[in-house]
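K.L.:
Same order as they appear, the protein sequences are chains L and V. Position 1 of the first sequence, counted from 1, bears residue number 3 in the working numbering, the numbering being contiguous throughout. Position 58 of the second sequence, counted from 1, bears residue number 98 in the working numbering, the numbering being contiguous throughout.
Possibly wrong hints are sitting among the right ones.
[To be verified] Taking CB as the label site, the calculated pair distances span:
hint : chain 1 : residue 1 : chain 2 : residue 2 : range
1    : V       : Ala71     : L       : Arg183    : 37 to 47 Å
2    : V       : Leu213    : L       : Val175    : 21 to 31 Å
3    : V       : Lys192    : L       : Asn135    : 43 to 53 Å
4    : V       : Asp82     : L       : Leu198    : 47 to 57 Å
5    : V       : Glu179    : L       : Ala112    : 22 to 32 Å
6    : L       : Gly38     : V       : Leu209    : 50 to 60 Å
7    : V       : Ala191    : L       : Leu198    : 11 to 21 Å
[Stated by the list, open to error] Listed below are the simulated BS3-like cross-link pairs for lysine-lysine, each with C-alpha atoms no more than 30 Å apart in a straight line:
hint : chain 1 : residue 1 : chain 2 : residue 2
8    : L       : Lys190    : V       : Lys48
9    : V       : Lys55     : L       : Lys187
10   : L       : Lys91     : L       : Lys159
[Stated by the list, open to error] Computed footprint of chain L on chain V, listed as stretches where at least three residues anywhere in the stretch have a Cβ under 8 Å from a Cβ of chain L:
hint : segment
11   : 75 to 81
12   : 85 to 93
13   : 118 to 127
14   : 131 to 144
These are calculated hints, taken from the structure and not from any lab test. Ideal Cβ placement from N, Cα and C applies to all residues, glycine included.
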Amino acid sequence: MKRFDCLKALAEFAGDALVVSSAGAMTLEWNALHPGDGNFRVRTLGLCSSIALGMALGLPQRKIIALDGDGSLLMNLNSLATIARMGPKNLTHIVFDNEVYEASGSKQTATGAGTDLVGVARAAGIKNSQWANSVEDFTRAVTSAMQGGELSFIGAKVSTERTQVPPYPIDEVENKYRFIRYVEKTEKIEIFKTNLPASYV
Amino acid sequence: MNPTEAAKTIVTGLKGAGINLIATLPDVNLADLLSEIEADRDVVHVPLCREEEGIGICAGAYLVGKKCAAIMQNGGFFNSNNAIVSTLLQYQIPLLLLIYYAGDIGDRTFSTTGAMTEPVLQALGIRYYLMRDPADAAELIGRAQVMTEDAKRPVALLMTKEVLGRRALLNSL
Numbered sequence: 003m004k005r006f007d008c009l010k011a012l013a014e015f016a017g018d019a020l021v022v023s024s025a026g027a028m029t030l031e032w033n034a035l036h037p038g039d040g041n042f043r044v045r046t047l048g049l050c051s052s053i054a055l056g057m058a059l060g061l062p063q064r065k066i067i068a069l070d071g072d073g074s075l076l077m078n079l080n081s082l083a084t085i086a087r088m089g090p091k092n093l094t095h096i097v098f099d100n101e102v103y104e105a106s107g108s109k110q111t112a113t114g115a116g117t118d119l120v121g122v123a124r125a126a127g128i129k130n131s132q133w134a135n136s137v138e139d140f141t142r143a144v145t146s147a148m149q150g151g152e153l154s155f156i157g158a159k160v161s162t163e164r165t166q167v168p169p170y171p172i173d174e175v176e177n178k179y180r181f182i183r184y185v186e187k188t189e190k191i192e193i194f195k196t197n198l199p200a201s202y203v
Numbered sequence: 041m042n043p044t045e046a047a048k049t050i051v052t053g054l055k056g057a058g059i060n061l062i063a064t065l066p067d068v069n070l071a072d073l074l075s076e077i078e079a080d081r082d083v084v085h086v087p088l089c090r091e092e093e094g095i096g097i098c099a100g101a102y103l104v105g106k107k108c109a110a111i112m113q114n115g116g117f118f119n120s121n122n123a124i125v126s127t128l129l130q131y132q133i134p135l136l137l138l139i140y141y142a143g144d145i146g147d148r149t150f151s152t153t154g155a156m157t158e159p160v161l162q163a164l165g166i167r168y169y170l171m172r173d174p175a176d177a178a179e180l181i182g183r184a185q186v187m188t189e190d191a192k193r194p195v196a197l198l199m200t201k202e203v204l205g206r207r208a209l210l211n212s213l
């Protein structure tokens, strides 16, 4: 199964969900398929699931999708326990497991040596955890996760194949501002506030 | 003030500063403070397994409009450094860090951790203030929140035993 094909399927029904993606080629592929200010690219390996949890807790009425990798999640396995403990119904945590640190020289991760991330997620307390074994399977799992209103974890074993896509178009700070402005606009809330100069007060 | 009164004062300060999501990891000196936070219905309390995930959770919540604080021991601050640098500082995301100062003068635990705490904060360019008197705690928290919002960088408050309503140790072994 190719990650790009799964992402292509996801792009069809992601709608206005906020999408947090882990550092690496996946983010570029996702941005090529589904560009927009509701995408947030994570640069700290491991932190994708935690940033997505923060968003899910902060905006419980909005769908949040985390696009994680095996290397990333293995660095922050404890986030699964915290996610399970907090249980946000609006969070769909997807892990593309290619069994290597793709962005770091393609060395094998622990999943390549047998660690079962769906098993770990379930044991951490995320009941709705499953593997998707084909693009159709993946589409079905994600659709039901998005409609079901339940915290869910979906693992997808993918090949290490990359698709040629353009670089990420913006830097971290611009990503932050655009993302927050997008949330302000679509949620009709004010996040950035400025005060009047002291001479007005 | 006793630990419960000090904890109530600190929580009043946090709520007065607009904080509505707090990520925490326990230290024995933080027990009363965390109990107060746990019991408060107005703030989202996120009990952590490791402090670094708390930096991510607070960053994510900030991006959708929450005002966050992370409460941890200084050892946990060290655990969080990669996330502080490559998420908070890299994206210019504010965060109020309330750090229990283990190894502070009169605290007989982790003296090495205590010795490294301020140098590491300085190396990261994180402005920090020492909290000693519970009577000043609420105001200091308000000021620190103003600073982190304006600077769009984390600001740290180092909580000592005294500000938590506890006594520093004076007896030698």
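K.L.:
Confirm or reject each hint.
P.N.:
Structure-based check of all given hints:
no., hint, result
1, V:Ala71 / L:Arg183: 37 to 47 Å, "holds (41 Å)"
2, V:Leu213 / L:Val175: 21 to 31 Å, "violated (51 Å)"
3, V:Lys192 / L:Asn135: 43 to 53 Å, "holds (44 Å)"
4, V:Asp82 / L:Leu198: 47 to 57 Å, "violated (28 Å)"
5, V:Glu179 / L:Ala112: 22 to 32 Å, "violated (48 Å)"
6, L:Gly38 / V:Leu209: 50 to 60 Å, "holds (56 Å)"
7, V:Ala191 / L:Leu198: 11 to 21 Å, "holds (19 Å)"
8, L:Lys190 / V:Lys48, "violated (34 Å)"
9, V:Lys55 / L:Lys187, "holds (26 Å)"
10, L:Lys91 / L:Lys159, "holds (24 Å)"
11, 75 to 81, "violated (count 0)"
12, 85 to 93, "holds (count 7)"
13, 118 to 127, "holds (count 4)"
14, 131 to 144, "holds (count 3)"
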